[in-house]
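Under the working numbering, think of the first position of the sequence shown as 959, with each following residue one higher.
None of these hints come from the bench; they were simulated from the model. Accuracy of the hints is not assured; some may be wrong.
[Unchecked claim] If you anchor each label on the Cβ, the simulated ranges turn out as follows:
1) SER960 / GLY980: 28 to 38 Å
2) ILE970 / GLY992: 29 to 39 Å
3) ALA962 / GLY998: 16 to 26 Å
4) ASP975 / ILE995: 17 to 27 Å
5) ILE995 / ILE970: 15 to 25 Å
6) ILE995 / ILE963: 28 to 38 Å
7) ALA996 / ILE963: 11 to 21 Å
8) ALA986 / SER960: 14 to 24 Å
Beta carbons: idealized from backbone N, C-alpha and C, even for Gly.
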Amino acid sequence: MSGAITFLHQAIRRTFDDVEQGGRPSGAVAVKNGKVIATGVNRMQVVAIRPSIPN
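Construct the complete structure from the given sequences, taking the supplied hints into account.
Laid out in structure tokens, this is it:
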């Protein structure tokens, strides 16, 4: 398997691990000179805002 495919598989595994913990399907692996220098996931928080309506 080529290096790029290996890194892609790592990012996919990171994504699946995060989804299993309730996260969103978004994982990443940053590579420099053929070595992984960072991994991460996109953690989003959704906040609902309701206007205050006087009764």
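Hints and how they fare:
{"no.": "1", "hint": "SER960 / GLY980: 28 to 38 Å", "in the structure": "32 Å, holds"}
{"no.": "2", "hint": "ILE970 / GLY992: 29 to 39 Å", "in the structure": "19 Å, violated"}
{"no.": "3", "hint": "ALA962 / GLY998: 16 to 26 Å", "in the structure": "18 Å, holds"}
{"no.": "4", "hint": "ASP975 / ILE995: 17 to 27 Å", "in the structure": "19 Å, holds"}
{"no.": "5", "hint": "ILE995 / ILE970: 15 to 25 Å", "in the structure": "18 Å, holds"}
{"no.": "6", "hint": "ILE995 / ILE963: 28 to 38 Å", "in the structure": "18 Å, violated"}
{"no.": "7", "hint": "ALA996 / ILE963: 11 to 21 Å", "in the structure": "19 Å, holds"}
{"no.": "8", "hint": "ALA986 / SER960: 14 to 24 Å", "in the structure": "19 Å, holds"}
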